[in-house]
Amino acid sequence: EAQVTQNPRYLITVTGKKLTVTCSQNMNHEYMSWYRQDPGLGLRQIYYSMNVEVTDKGDVPEGYKVSRKEKRNFPLILESPSPNQTSLYFCASTPTGGANNEQFFGPGTRLTVL
Amino acid sequence: GENVEQHPSTLSVQEGDSAVIKCTYSDSASNYFPWYKQELGKGPQLIIDIRSNVGEKKDQRIAVTLNKTAKHFSLHITETQPEDSAVYFCAERAGYALNFGKGTSLLVTP
Numbered sequence: 001e002a003q004v005t006q007n008p009r010y011l012i013t014v015t016g017k018k019l020t021v022t023c024s025q026n027m028n029h030e031y032m033s034w035y036r037q038d039p040g041l042g043l044r045q046i047y048y049s050m051n052v053e054v055t056d057k058g059d060v061p062e063g064y065k066v067s068r069k070e071k072r073n074f075p076l077i078l079e080s081p082s083p084n085q086t087s088l089y090f091c092a093s094t095p096t097g098g099a100n101n102e103q104f105f106g107p108g109t110r111l112t113v114l
Numbered sequence: 001g002e003n004v005e006q007h008p009s010t011l012s013v014q015e016g017d018s019a020v021i022k023c024t025y026s027d028s029a030s031n032y033f034p035w036y037k038q039e040l041g042k043g044p045q046l047i048i049d050i051r052s053n054v055g056e057k058k059d060q061r062i063a064v065t066l067n068k069t070a071k072h073f074s075l076h077i078t079e080t081q082p083e084d085s086a087v088y089f090c091a092e093r094a095g096y097a098l099n100f101g102k103g104t105s106l107l108v109t110p
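As you go down the protein sequences, you meet chains A and B in turn.
Residues in the first sequence are numbered consecutively from 1, following this note's numbering.
Residues in the second sequence are numbered consecutively from 1, following this note's numbering.
The hints are simulated quantities; they were obtained by calculation from the structure and are not laboratory data.
Be a bit skeptical, because a hint or two may be false.
Cut-off 20 Å, straight-line C-alpha distance, at most; resulting in silico cross-link-like pairs (DMTMM-like, lysine to aspartate or glutamate) [to be verified]:
| # | chain 1 | residue 1 | chain 2 | residue 2 |
| --- | --- | --- | --- | --- |
| 1 | B | K58 | B | D17 |
| 2 | B | K58 | A | E102 |
| 3 | B | K37 | B | E15 |
| 4 | B | K57 | A | E53 |
| 5 | B | K37 | A | E102 |
| 6 | B | K42 | A | D38 |
| 7 | B | K42 | A | E1 |
| 8 | A | K65 | A | E53 |
Just chain A, with the same shape it has in the complex:
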């Protein structure tokens, strides 16, 4: 089944404890991105990747890192999480060419930072 998977789905952590949210897609998509969703603010892009080893900042990259060593994986890293990073996170992928095609979203990761 073609899909985007994220792990974990739910995470409660404490301020300053490094964490990684994994994202994997099995559709051989070139473009992947991370979004955060907050009430009243909609979806805001954190980082995106056009292809392996090519990443760039989105609208709200502060406090996040990403890597794209393999085509299928695009982990989101929070080196020192803070309470304002409590949010619902979505990974998405699309075949090629950036944003002119359907983005396939993962099921989301709900993160709480205490």
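Once you have looked at the hints, place chain B on chain A.
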């Protein structure tokens, strides 16, 4: 980015009625306008999209219209059903990314 405004933020309609959600954008170079539906506990899913060389597109009960001169586009859902209840997001392509509106929570009451 904050280039897409979406209205209304909440919308309640009776089953069978129509629902209309409107979005405006600012970048005249935008050329792709998708609409996503997000059901509770799930990720957004594309329901319809339109490109700048088309003024209207229809898929069964949903349709999208685009007015490039006025820089606005709208989602129309006819004969609404309870399963249409969800959050809907408009978006517009900006460079290599999509800018999303803040979402409309649609409630269809039986």
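Here is how each hint holds up against the structure:
1. K58(B) x D17(B): Distance of about 17 Å is within 20 Å: holds.
2. K58(B) x E102(A): 17 Å, holds
3. K37(B) x E15(B): 18 Å, holds
4. K57(B) x E53(A): 37 Å, violated
5. K37(B) x E102(A): 12 Å, holds
6. K42(B) x D38(A): 14 Å, holds
7. K42(B) x E1(A): Answer holds: K42(B) to E1(A) is near 17 Å, not above 20 Å.
8. K65(A) x E53(A): Since the Cα atoms of K65(A) and E53(A) sit roughly 13 Å apart, the hinted pair holds (cutoff 20 Å).
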